[in-house]
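Line by line, the protein sequences are chains A and B. Our numbering numbers the first residue of the first sequence as 113 and each following residue consecutively. Our numbering numbers the first residue of the second sequence as 1437 and each following residue consecutively.
Honestly, the hints are just simulated from the structure, not real lab data. It cannot be assumed that every hint is accurate.
Residues on chain A that point at chain B, a partial pick, calculated with CB under 10 Å [unchecked claim]:
hint: 1; residue: N116
hint: 2; residue: E140
hint: 3; residue: L146
hint: 4; residue: E202
hint: 5; residue: I237
hint: 6; residue: V241
hint: 7; residue: G265
hint: 8; residue: E286
hint: 9; residue: T316
hint: 10; residue: I318
hint: 11; residue: S322
hint: 12; residue: Y325
hint: 13; residue: E339
hint: 14; residue: S355
hint: 15; residue: F358
hint: 16; residue: L359
The beta-carbon is built from N, C-alpha and C at its ideal position, and this holds for glycine as well.
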Amino acid sequence: MLINTVVLFLRDLLPLFIFICYLKATLESQVFTLKYQLISVVFGILVAALLFIIAEPLSECFDGRGTELTKVLLLTIFYLSMLVVSIKSELPSLFKKLVPSKLVAKIAAVSFVSLIAVNGSSFLIFLDVYLQLNMSPLDASVADNQALNVVIGFVVGLGICVSFSVLFLFILRELKQLNKLWLVKTGLFLFIAGQFSYIVSQLTQIDMLSAGYPVVNFSQYIQDSSEYGHILHALIGFETSPSFNFLLVYFISFLLPILLLNTLRFRLQSQNKIAPQYKEDL
Amino acid sequence: MFKKLSPQVWTILLTVFLTFQTFAETQVFYLTLENHVFTPSSLEIPANKKVKVIIHNKDKVPEEFDSFELNREKVIFPGKKAVIYVGPLPAGEYKYFGEYHPNSARGRIIVKGDANVN
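I would like the entire structure built from these sequences, with the hints used as guidance.
As structure tokens, then:
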């Protein structure tokens, strides 16, 4: 139970810590303020709690496909919101009327709420099972032992996530200071693509998308179940044996913001609408 | 001979073919979870074919069917059945476990080259 709790922290909650680091590093602190961060976390927990409450009836909706379809919907909202945020944070002069700069923080918050809802609801089910087991008329010593293991796992898992995110944010800010913002943005796009590509396994699980055969197999180098596997999965959506469809969705969702940014930048440059300070960044 | 067949006949033939393909390809396999143990602990499925696995949770708490190797995770609520599709996969052994009871709820899916497995 101890290792399992730590693994669940790495699987479900580490991506949230990584995402907040990226948001803090890429968006100006005046835009994505502490107020927005706290509001996103509170709303995210509320949506996750709602999903947890309706998890059972939801799983039976759409011929047993309700949970997967909800996750796909939330991840699509996450991806599209981050697409808008990425474009607007880099090209603020674009779509001024449609998406005013003030709205960027709110869209980033929507994205964060969606990710918290997807990952948090799974974690809440685990906590619920643990509580049910401890309240059942089980052997008292076994229950106490399990409770202790989960509490220790909780502390260790949270400790790993917090210390990892502190170091990660430090690295991201250092890269930004060294004018390597492109490296931070590439990391962010890989992260977004990794999270979004989870829809492939969800859709293949419910037979709405063909899985196809694994294209490569890295299992002899790194296992999905290992600590490195979990961290790489959280950082860039690493899969040991990805299918063709997974790679296709992954690369399209990674390249789309880059292509869109470059195209829009080019159009703005050609129309001479770009502000001088953004020209310097290019 | 084939040139004489009308487009409608071709459509019907294609539909029948695809229907049979669908039925032929999606074999159904069953797993039961009771006392936090999966039965059967090893399930044999054919290689290079997509199969449907129905998991029945007879316990009083939810369980999450989880497999890193199959890239599947699905919460099964108490007394409910859940369906997941697996494959097509190359021959080999793919481990799975119950996320909430990883010590007892363990099993493996053995993918065999022989199409007539049960």
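Hints versus structure:
{"no.": "1", "hint": "N116", "in the structure": "5 Å, holds"}
{"no.": "2", "hint": "E140", "in the structure": "37 Å, violated"}
{"no.": "3", "hint": "L146", "in the structure": "34 Å, violated"}
{"no.": "4", "hint": "E202", "in the structure": "33 Å, violated"}
{"no.": "5", "hint": "I237", "in the structure": "6 Å, holds"}
{"no.": "6", "hint": "V241", "in the structure": "5 Å, holds"}
{"no.": "7", "hint": "G265", "in the structure": "12 Å, violated"}
{"no.": "8", "hint": "E286", "in the structure": "33 Å, violated"}
{"no.": "9", "hint": "T316", "in the structure": "7 Å, holds"}
{"no.": "10", "hint": "I318", "in the structure": "7 Å, holds"}
{"no.": "11", "hint": "S322", "in the structure": "8 Å, holds"}
{"no.": "12", "hint": "Y325", "in the structure": "6 Å, holds"}
{"no.": "13", "hint": "E339", "in the structure": "13 Å, violated"}
{"no.": "14", "hint": "S355", "in the structure": "8 Å, holds"}
{"no.": "15", "hint": "F358", "in the structure": "8 Å, holds"}
{"no.": "16", "hint": "L359", "in the structure": "13 Å, violated"}
Of the hints listed earlier, those the structure fails to meet are numbers 2, 3, 4, 7, 8, 13 and 16, in rising order.
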